[in-house]
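There are 2 protein chains.
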Amino acid sequence: MKELIERIKKDGVNLGGGILKVDSFINHEVDAMLMEACGRELAKRFRPVNPTKVLTAEISGIAPALMTAKFLEIPVVFARKSKPVTMPNQVYLTLAPSHTRGIMNDLIVSPECLQPGERVLIIDDFLASGATIFGLERLAQAAGTELVGIGALIEKRFEEGRKKLENLNVPVESLACIISMNDGKIIFDE
Amino acid sequence: MKELIERIKKDGVNLGGGILKVDSFINHEVDAMLMEACGRELAKRFRPVNPTKVLTAEISGIAPALMTAKFLEIPVVFARKSKPVTMPNQVYLTLAPSHTRGIMNDLIVSPECLQPGERVLIIDDFLASGATIFGLERLAQAAGTELVGIGALIEKRFEEGRKKLENLNVPVESLACIISMNDGKIIFDE
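Chains as they are written, first to last, in the working numbering: chain A, 1 to 190; chain B, 191 to 380.
Hint data in this document are derived by calculation from the structure and do not stem from the laboratory. Bear in mind the structure is a predicted one, so any value in this text is a computation, not a measurement. Among the clues, some could well be false.
Restraint-style ranges between C-beta atoms, simulated for each label pair [what the hints assert, rightly or not]:
hint, chain 1, residue 1, chain 2, residue 2, range
1, B, Asp379, A, Asp189, 28 to 36 Å
2, A, Phe188, B, Thr242, 15 to 23 Å
3, A, Asn167, B, Ala332, 47 to 55 Å
4, B, Ile369, A, Phe188, 51 to 59 Å
5, B, Glu263, A, Gln141, 21 to 29 Å
6, A, Gln115, B, Leu205, 20 to 28 Å
7, B, Glu356, A, Ile179, 51 to 59 Å
8, B, Ile369, A, Lys2, 33 to 41 Å
Here a beta-carbon is modelled for each residue, glycine too, at the ideal position from N, C-alpha and C.
Could you put together the complete structure from these sequences and hints?
Set out below in structure tokens:
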């Protein structure tokens, strides 16, 4: 998606070690109009697989997932990293490593929000190693739902998450695909 | 806002102790279309004060703040509860008690995202004791910005946050105002 790629070229910062700083428009400050455009595009790509629910992980997944859900006119569930008092005691919980923090995060979904038979579309900000997305996929599976697609704003293809996700046999889409971040550069697959 | 009040009447659960469970449409599973309608209404109410940036706190503030920002066509910043590696070492940090967890949360904003002279609109899911909103107000003040308004989806007027916020001399708006949760009921100011 040209608009997102141009914005990464303009405001994204390669911090080294494969870390892309996009917190001036995606991760901390969010460009609401750009996010809406991304949601519109992701919704367009996944409408053919008829999702009934979008699933994401707090925190940075919420904005793109919400906008995608809005265009698909379906609800979005965000997996929590800690269990609020309002959640039932019996939950689906899995662990996923945090890419930028070097720790393991809980990913928790209430059974009230994911019902057997639902068609789940996973949306996140990044597709890198795929660890968070695999965590969400395990939750979707535990809840007896059917995974129908995986979408991300930004893919780091050099981390090979996509390759591992191929076994899931669902469409995987990203709006900006980075093939290399070597030598301080950001090279896109355009 | 009638649509939100009706939804709380239908799907909100009074858990006792002043805790309202809304995680089937706001806090965990999010009704994206309802959230868009809430954002449209909040944007309409605050357009006259000309905000240049929406400020909220992760996690549950992100959805209403993003939708409000979209209609105002301005960016949104969400204060983080922990500092990602992509954030500079020098940040604005304050502490705010978590209503439903009984702990203190960090609220962190990068100086890159809040610049002196900006007109800040604070949006959150709940206005209860006002503790999170006061935390955001301290961050806005530390950054040299001007606070121009405070909006929430749901107000618990019996917790008196609004009364304390009056000293800030900015408009305070909520879309659903609850005046009592005694005896398992949810009584609105309609």
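Results of checking the hints against the structure:
{"no.": "1", "hint": "Asp379(B) x Asp189(A): 28 to 36 Å", "in the structure": "violated, 55 Å"}
{"no.": "2", "hint": "Phe188(A) x Thr242(B): 15 to 23 Å", "in the structure": "violated, 31 Å"}
{"no.": "3", "hint": "Asn167(A) x Ala332(B): 47 to 55 Å", "in the structure": "holds, 48 Å"}
{"no.": "4", "hint": "Ile369(B) x Phe188(A): 51 to 59 Å", "in the structure": "holds, 54 Å"}
{"no.": "5", "hint": "Glu263(B) x Gln141(A): 21 to 29 Å", "in the structure": "violated, 40 Å"}
{"no.": "6", "hint": "Gln115(A) x Leu205(B): 20 to 28 Å", "in the structure": "holds, 22 Å"}
{"no.": "7", "hint": "Glu356(B) x Ile179(A): 51 to 59 Å", "in the structure": "holds, 55 Å"}
{"no.": "8", "hint": "Ile369(B) x Lys2(A): 33 to 41 Å", "in the structure": "violated, 50 Å"}
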